[in-house]
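Undergrad: Note that the protein sequences, when read in sequence, are chains Y and E. Per our numbering, the first sequence starts with residue 51, numbered consecutively. Per our numbering, the second sequence starts with residue 155, numbered consecutively.
Keep in mind that the hints were calculated from the coordinates and are not lab data. Even for Gly, the Cβ is constructed at its ideal location relative to N, Cα and C. Just so you know, nobody snuck in bad clues.
Which stretches of chain Y does chain E cover? Using the computed rule of at least three CB atoms under 8 Å from a CB of chain E, they are: (1) 66-78; (2) 95-109.
Here are the simulated DSS-like cross-link-like pairs (lysine-lysine), alpha carbons at most 27 Å apart as the crow flies: (3) E/312 / E/261; (4) Y/70 / E/359; (5) Y/70 / E/520.
Which residues of chain E face chain Y? A partial, calculated answer using Cβ under 10 Å: (6) 458; (7) 459; (8) 530.
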Amino acid sequence: MIKINVIGKECPIPLNEFRKALRKAKVGEIIEIVGTHELSKGEIALAADETGQEILEIDEKDGVWRIVVKKVR
Amino acid sequence: MVIYLDNANTTKPDPEVIKVMLEYLEEKYGTPGGEFGHIFDEEAREAIEEAREKIAKEINASPDEIIFVSDETEADNLAIKGTAWAKEKGKVLTSKIERKAILNTVKRLEDWGFDTYEVNVDREGFINLEDLQSNLKDTILFATHLGNFEIGTIQDIKAISEIVHDKGALLYLDANHAFGKVKIDVKKLDVDLMSITAHLIHGPKGIAALYIRDGVKLKPLLDGDVRERGIRPGMINVPAIAGFGKAVELINYDDAKRMAKLRDKLIDLLLSIPDTKLNGPRGDKRLPNNVNVSFAYVEGESILLHCDLRGLVFSTGSACYSQELLPSHVIRAIGGSFEDAHGSVRLSLSKWTTEDEIVKAYEIIKDVVEKLREISIYGGKG
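With the rest of the complex left out, here is chain E (with noise of 0.2 Å):
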């Protein structure tokens, strides 16, 4: 039985998920219609609402300020190039953390003339706010995240909102490793756009969701129909939509406190193996279900691809592009080495993820780690 510790990369899908979902691909077919839609068409616009009403009930938004898209790399291009083409100009920021998609999404907007700047962080993942202040003169929009996807820092939005709204900018949030876990309420915050993703939270993939505040204008991504308001034309996933409405009813906050306290079991676990160093916070400014430890003189893809031969799978913080190593920009950014960088994996836990599981875990990765390090190149202790 493989043990899966890679819940941040994607989750299991609930069964209830996919039973809801078969019967939107065997009976229920339909694709939501117009005003005089047939009943298949009936069916699917209900399915969709339904799931509308779900998600912005749990986030305490309105289901008109809720669009569907196909991911979350969708949602942050529309969030972050829709806005930036509404306004036509100015600067946009983002921080060092981000996921690809938002650093690239960013990084793009250079194209069309847009400035942009990436923020730095402290050595625990938090976003520096002064150097936010002291970068908002002329910015259109910051887009950051609410918890980190790589290292599980939880960051302070209401202390961010407050600064970029202060100087009138907008706040894109990337809220998908958060969602379902930490509870959200996007008035509290208050974020103007924000994105949550279905199959993080034991829902499908193929399917997210992005809250658009009432009244912020941006500019779709696609040209088509009127379908999701226009801003987001085309074919809907309709069972996707129904399994991401489940996911989200299914949501329990107890899950979140059953995991926050394996992860710490399994954070202390690992940092008992020498040379061993936690990557971001402790305590309840850390996600529930991550955990990221650097291993001194071995390799995070050697660690992870000797697990997987023993049944435990989980993720490292680099990148395999090209058959090249890019040591892992999150750990870089907060003031980590290469050799942090490249050693780094990370654990995410679910809402199964049993006490049984993480010691197991912890012997696996302890037993490789020690005989790896026993043929390290690096100056293992042996």
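This is chain Y alone, in the form it adopts within the complex (with noise of 0.2 Å):
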């Protein structure tokens, strides 16, 4: 599993990382992804969709969002 911390990183960055998480993880391959930018808990959920990619979880708790991706292509 591919864990990310952007916690306090403000857009672009969050979907930055999350992009290229994407790009290094196999295909299989688990991503969690936590953060507090809430455009950007939009913003990677939209990527994931976008590409195809399986949503597994999105939670959020005490201001932080937690998603978790599973590259499926």
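These two chains come separately, so use the hints to put the complex back together.
TA: Now the structure itself:
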């Protein structure tokens, strides 16, 4: 699993980190990204969807969101 | 298949360029020597002089007026610092919309006691000639560009050179983004120094040329041997120079005409997306391969990242330094807002760009912009 922590980072850093992880990941590998920037949460989910990846979880607690994506292509 | 629309950043080397370079990497690997050099030295010298002649002919200069340097940044530094150091004192002007290599080089001259000033531009990026004229007192050099790297504005260099020369100053022209797309005649433009680079015309990276008009004095940045007339001593990148020469030989201005048509098509398509504006002029006063637009309510970096994930690559006007996004100084200088500057993207075509790619690029961008606006915090219309 690739874990990315972008807590406190603002747009477009979180999306950029997710993009880099997506490139690096092998098909079938899981990427977990946690952050606080609200817009980036939507952008990462959008990017995962656009590229046909499987979103396993999106949750949020105390202002920290967490997105778990499985690279499927 | 990735659609590459970042040709103002760098271009894909032409296979014929690579073929020539390989010859000088694998077989003819000498470096030019002196009068009594051996066969390898001679082959290298011939390659360099052949490339120099091709480049000189292309811009209507004499081969003696061409110096090879490592890239456009070195050319900027050599032209600007070299001229200023030779003059010893005075004022150096540039414009507000130059590449950072020019802006920062001019600014650096303040360390040596030179005065500097950045001339204003209008809303399309044309240099304000009145502002230029009123700041020419004690000026030794004006450093500017032919075609703007970001918004494609093509300056009226003939008018600028008349104003600058009338006050006895020199004119340095960054022609890197225009070279190969706009026919350049250094004598007609009446420039004193001019830089052109190989990697923006399907040549190799790591090589550029500085035109120095016969009689213009400048001091070298480096001290060393007498190569390149002692103005740029040091090891000569023979394969890159040979490749540069080949790339110049392959210039075809019909490609520029075709690019201009595709550019206009892409501009029209992108402007059909609501709340989108064009940065820079339209028509013949714009580089044939440059498109720069700002999308309201979304950041250029976000558009870029989403498009990259979908197989379309280009640049934004913002620069990401130390994880801080700085708005484009060019868009700000032409009167654009912070939002315009952050929402701007630059798409740049090459001789190989197809109409299908242009249409596909528009479709991807439209979809990305619409989706980003739906989640935008800047009041997108969703």
